[in-house]
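With chain A held as given, fit chain B with the ligand onto it using these hints.
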Amino acid sequence: MFSAIYIEEEVRDSARVQEILTRFPSIPRISCDRYGEVFNRNAQNFRLQKEAPGLILAKKYGNLVLPSPEGYGFKEGRSYYFSHMLNCLYDCRYCFLQGMFRSANYVLFVNYEDFALQIEELIEKQNGPSIYYSGYDCDSLAMEPVSKFSKFFLPLFEKYPESTLEIRTKSMQIRCLNERPAIPNCIVAMSFTSQESSKKYEHKVASNQKRIQALQKLQDSGWKVALRFEPIIFEYGLLGHYRKLFFEIFNSLEVNQIHSVSIGEFRMPASFYKNIVKIYPDEELYAREISISDGVASLKDTDANVIQELEKLLFEHVQPEQYYRCA
Amino acid sequence: MNSDLILNFLIAHKLEASPIVTHFKMELVEKSPYKIYQNKQGMRLIISGTGYNNAVRAVTYLAEADKPRGPASAGWVNTGIAGHKTAGIGSLFFINKIVYKKTGEVYYPALNLVNGMSTGLITVDEPELYYPKDSVYDMEGAGFFKASMNFSSVEFIHSIKVISDNRAHPTQKITRDLIFDLMTRSCPQIQAFCKALMSQVMEFNRIASFGEIDLGLLNGLHFTATQRLQFQRYCQRYCALDRKEELESLGSSNWRSSKDLLNELAKNLE
Ligand code: SF4
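First to last, the protein sequences are chains A and B.
Residue 299 in the numbering used here sits at position 299 of the first sequence; the count goes up by one each step and never skips.
Converting from the second sequence to the numbering used here requires adding 327 to each position, the first position being numbered 1.
The shape of chain A in the complex, shown without the other chains (with noise of 0.2 Å):
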């Protein structure tokens, strides 16, 4: 699973850490000081290392709890992010975190604790409710084996309904989820792309059925979900794509207890997009013509005009107030 497990000396006795390194005896073991020994070393390659990643268990320090980038998810007072995890199991070829990171090591930042206390002092600052999204740098879910991440923070965010939880994810992990009871201020969002954009660019990650089947899982299980449809991006038939794949979903799903709907475009920093152009010379997405505004690149042909018609296409399904626009 992991081609090395580097550990920074100072979580290595940790039980968190004990545990995973239990469950791979096999795999070599190395220590470190600070995990940006290995994760933002010069001279090395993404691309590369993507075909056979290592994890570094570290710990984080400084500020865990972020405020959210402007416009990022929907409105329910103040918001906020976390990443316990850095790099992702599957390999999204429109994935920023491609540009965003030199090294496409796993880093699991095994000082839940520390999480957990920022984001208790967050809540109890704030007036009314707020919202924490995890999965930024990583997909929530899909570690979930080894992180055993929801079994950690569920507990937390269970001890404050007023405050929301969103997990990003594209991941079948949901066991932890439907072996427990469902919380009713925790959201499991799932992204989707078209069935076509998501044969092209969502290498590893299960098919666009297998994850309606689990979102179907988690409603019967009493769990708010919610539906990311993101990155779009254009394809010839694009509109049928997206309706099929809307009917397909609607059609399997409780739509009226559907927490949100959201659509986004493909955009990431520019800085991003040229480390990824870098190592991915021969890759037809970031060949297209791409705009680029307030430092954030995005694609041309997929404009205002597709997003406004897909909307359409989507409140055939749903009512507006489940939906929002990614800024």
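FYI, nobody ran anything at the bench for these hints, they're computed from the structure.
Incorrect hints may have been included.
Pairs of lysine to aspartate or glutamate residues, derived as EDC-like cross-links and limited to a Cα-Cα distance of at most 20 Å, are as follows [as the list claims (entries may be wrong)]:
| no. | chain 1 | residue 1 | chain 2 | residue 2 |
| --- | --- | --- | --- | --- |
| 1 | A | Lys278 | B | Glu539 |
| 2 | A | Lys244 | A | Glu311 |
| 3 | B | Lys428 | A | Asp33 |
| 4 | B | Lys429 | A | Glu37 |
| 5 | A | Lys274 | B | Glu597 |
| 6 | A | Lys204 | A | Asp91 |
| 7 | A | Lys200 | A | Glu289 |
| 8 | B | Lys428 | A | Glu9 |
Chain B with the ligand only, in chain A's frame:
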């Protein structure tokens, strides 16, 4: 230098190198300032001499000599004998961490291609007789890695060490025959690893040169360094978009200047 070089070996001593030279059918191509051997399969070997600084200088020498062949990457492998507190004589280790004892600098070779035992390496300036830690001890690894990182991505830089001495079999017992024997027996495992590394390097170079078109063919147009890069990126984009024929047809027209050609390539992509 050969333009198809894919892998560089750095080995401290001729005694350690000679089984590798024989196994990979290399021939002496340079005698001074370094002995350098090469074969027809894209492998090259330099004998660096002992120690950190000699390793740095030898890597730099090879890489500088390669500059004319352009930006293509190569794999770098440091191999040879080394010591260990307890590991058996003849054990072969892929190195997963290198510490230079003198300065504390640390390097982490990737294990993505490794199929065998891996462990840490401590590079020392004087032969280590007591092997205080459970690591491999050598005198070149850190210098080799540090210098190679200036010329290659870390995924392509590896150290493979064969144990020649331990507490029960100290350095004084190492003989010429033993070195020859240990390195000869290690050749098949080194070869298997090099095969995987070379194929990864070739794939990497194929991607790096994706969409490359010989500028010399473009009717003698003059390109500045920036225009060269722009042109290269346009070529990549046309190829990635499966529009190579358009690119070739545009490239074969008569252009007054490279600027005109670049403008047309851009316009045509809009
Ligand atoms: S699932 Fe999300 S985080 Fe993972 S590779 Fe795909 S886009 Fe990136």
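Which hints from the list above does the structure break, by number from lowest to highest? none
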